[in-house]
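Asker: Residues per chain, in single letters:
Number of protein chains: 2
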Amino acid sequence: MPVNQIQNGTSSSSSAAAATNGCKWPENVGIIAMDIYFPSSYVDQTDLEEFNGVSKGKYTIGLGQLKMGFTDDREDISSICLTVTESLLKKYQISPVDIGFLMIGTETIIDKSKSIKTVLMDLFKDSGNTDIEGIHATNACYGGTASLFHAIDWIESSSWDGRYALVVAADIAVYASGAARPTGGCGAVAMLIGPNAAIVLDRKVRSTYMANVYDFYKPDLSSEYPYVDGPLSNQCYLQALDQCFNLYFDKANRNRDELLNHNNHSEQQSMIELSHFDGIIFHAPYCKLVQKSVARMHLLNNLRLQAHDPSRFDTKLEKYRNVKLEESYNDREMEKLLLTLSSENFNKRTDPSLMLAREIGNMYTASLYACVISFILSDSVENLTDKRLLLFSYGSGLAASMFSARVTKDKAILSRLMKGLTDVQPRLQQRQRVPPTKFEETLNLREKTHNIAPYEPTGDVSSLMAGTYYITDINQKYHRTYSKVQ
Amino acid sequence: MPVNQIQNGTSSSSSAAAATNGCKWPENVGIIAMDIYFPSSYVDQTDLEEFNGVSKGKYTIGLGQLKMGFTDDREDISSICLTVTESLLKKYQISPVDIGFLMIGTETIIDKSKSIKTVLMDLFKDSGNTDIEGIHATNACYGGTASLFHAIDWIESSSWDGRYALVVAADIAVYASGAARPTGGCGAVAMLIGPNAAIVLDRKVRSTYMANVYDFYKPDLSSEYPYVDGPLSNQCYLQALDQCFNLYFDKANRNRDELLNHNNHSEQQSMIELSHFDGIIFHAPYCKLVQKSVARMHLLNNLRLQAHDPSRFDTKLEKYRNVKLEESYNDREMEKLLLTLSSENFNKRTDPSLMLAREIGNMYTASLYACVISFILSDSVENLTDKRLLLFSYGSGLAASMFSARVTKDKAILSRLMKGLTDVQPRLQQRQRVPPTKFEETLNLREKTHNIAPYEPTGDVSSLMAGTYYITDINQKYHRTYSKVQ
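The listed protein sequences correspond, in order, to chains A and B.
Residues 257 to 742 (the working numbering) are what the first sequence spells out, left to right.
Residues 257 to 742 (the working numbering) are what the second sequence spells out, left to right.
Bound-form chain A, shown alone:
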């Protein structure tokens, strides 16, 4: 059923004309439904520590990662997008004809011209729905957020015809053998976007920071692996956090009447700051960086508070009252102090969002949205309603945004979203733990066979879960054929 019969493309001309008057943005636009796909195999990070001969805890404590999902040669970016999109449509009983916009965010490029979106059109073929805007957007881990913003904008624009938008954020994150390899992962998140959403995006507060940097990029087109300057990338992430944080709170305070509870007079008088939010959710390249980001936010928030009222500055931070942000990215002593001071905040507001990141690893564009799913899975409908979420999206290169959302007060709407996610934990448990030798072998196979044609994959289809699309063949013209596990 379309969201809004009045504006739907199939409606009569008179009612369509009527819809041009009055308020033009539908209410409560945001995420109505979500689904996630992750590989059926994982390597345990403790196994990997032992296998790689590194100190115990290097990956599990140092990076904050527990397990890492990976795929063999049976899956590619198109197959995981097919799997998660079809799964979402089925779970939430959305008819393919009711989708009017579909956009993919990914940096797992297997064709320089043909978008993944065109492959997904196969899911709509039987319904006859070919009128679906959107192609695919790329900039590192940020493409999902760009696609989400475009989807929201479409729904608020004059071109919206009452149908839903779909956003798919998906990536296969693999690194060359070496120090960065344990920070890989793989996942795909699909989101149904429309009015009367479960997670409603706040208006007028999106803040963005973009710059030209070579911190992580993929210039060697024949390889699946990125070029990474790890220390620079960590610094860029925190720098983007600084910029987005300050701009977000500038915008939030300019628009605070819309963000605050209109019935709570005392709330309206105060400035919006970090404690306003119940969940603080990040793009998670590895969980330890997220923890450091929450720590840094403690400093950022205090600097903003003191600009408003010097007495509100945390006295334990006194030494850093006049710190120059741009010079502090490598200040380990400050970082340690901030980690301690922010630990309660981290445990309460952010840690619940990291479950999938710990279990699967970095999913690039899907990472932030997997964190949203984890947060939602961490609590009950009763506790989650009306919760305020702050989100930070980062893509190397670089592109970053901070934005916010409020969980609906409507329990029925939230329950519907959560019902679609009940199989996530069971699916995580069903996965197969694979020894590091097999993991290395698989990645070597991917490396050797990447971008070759013709190619017939050899991976074991029986390990894939029901509903998973997989490659059956890549012919000499690079045409890819897929089947589905029944």
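Below, a list of computed lysine-lysine pairs in the DSBU-like style, where the Cα atoms sit at most 35 Å apart: (1) B/Lys580 x B/Lys643; (2) B/Lys548 x B/Lys694; (3) B/Lys346 x B/Lys665; (4) A/Lys580 x B/Lys740; (5) A/Lys592 x A/Lys575; (6) A/Lys580 x B/Lys381; (7) B/Lys643 x B/Lys604; (8) B/Lys381 x A/Lys592; (9) B/Lys733 x A/Lys544; (10) B/Lys733 x A/Lys733; (11) B/Lys312 x A/Lys733.
Just so you know, the hints here were simulated from the structure itself, not pulled from any lab data.
Dock chain B against the given chain A, drawing on the hints supplied.
Answerer: Only chain B this time, still in chain A's reference frame:
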């Protein structure tokens, strides 16, 4: 100066809050300013016919192409985007701080992760404006249209803060040695998007057709060349035209009160059909295909007319009254008849849009917008005001849309757009005609050096026009450095 001071991010909180009420879509959103960049060298298609030993007229008449622009190893997708974007900002005296959205459409991928958009952020560095949404969108020649739609949607959304959007459509189109090579080209178009535009996009009529096809794609990531199934691609183009045409006119007639002249009562009573438009503008892979598309539209329009009133069917087409569209793509006899019957329409409404396509060749994502520029350059302000344009965008793989626009009635607004384009013809004339031997040599150099690092380009910088960005160096980490011709 921002478009709308009231909604601008720097405005006071009270006026920003006030802007949330009432009508939410700004008026007359569309293209305010345009600029085009094309290479300083070209090969003449008659020279190429002789050099390739093909029959005289094969390229010039068979394809409808006169000259083809190309670049050596001094230019890449980032450099041509830098050149055209800076040129537009300077020409129209737009301050970098007044841009709030910038998106690139391209299929010339030189990095699988880092978007061209991030490179363009260097143009905004001095102004301190880092809060610019948008990354880059990819699906063959369609990415510019996708980006344009996202820019328009952003301006109509709640996230718009009164600043302009920029859309850049750019590509370097090169083919492997052989039959397809003469259909290459290179160009970049930048467009400034906002309200009170010179070319105002019509609302609620965008029609889209997307499908999963392998007609033209770039699966060999290590090569700059596409895989092309020429006959299939021609058929897909026409098939997408059929679908978009019918859906466009369905939507246009459902929303005809908004599209028609409210003062002309007789006009409001009739259905909207092809003759409604003064300019019919296409993505032009080669000009002959555009001519065939106008011919096919003659059939499509007659089939729609007869559904409304059988007596309106062109009697010369009687034989095709019940033609099955999907079986007629290779009907040469019908095509010939349609070419004759539509020739006046083509000469009047489409031919003026093909000047740059004939002179430069296929510019992929930039092609449709170069055709818009050609159309604008073909006439005077007096004749162009209030003209209605129908546009068809096609990207293989496939993604296609039909949409429409009206040239402003405001001569000052149109004059401003046209003033920025006065140097296009002189720049075309200034180009250097290069013999086919040199052209082949240059393409071989690009082929040999594509995606290698470190690399120091050898091309002659002195042939580039003032304001052109060029590569000075690609280091071993693939970092690219650019300079500008003063």
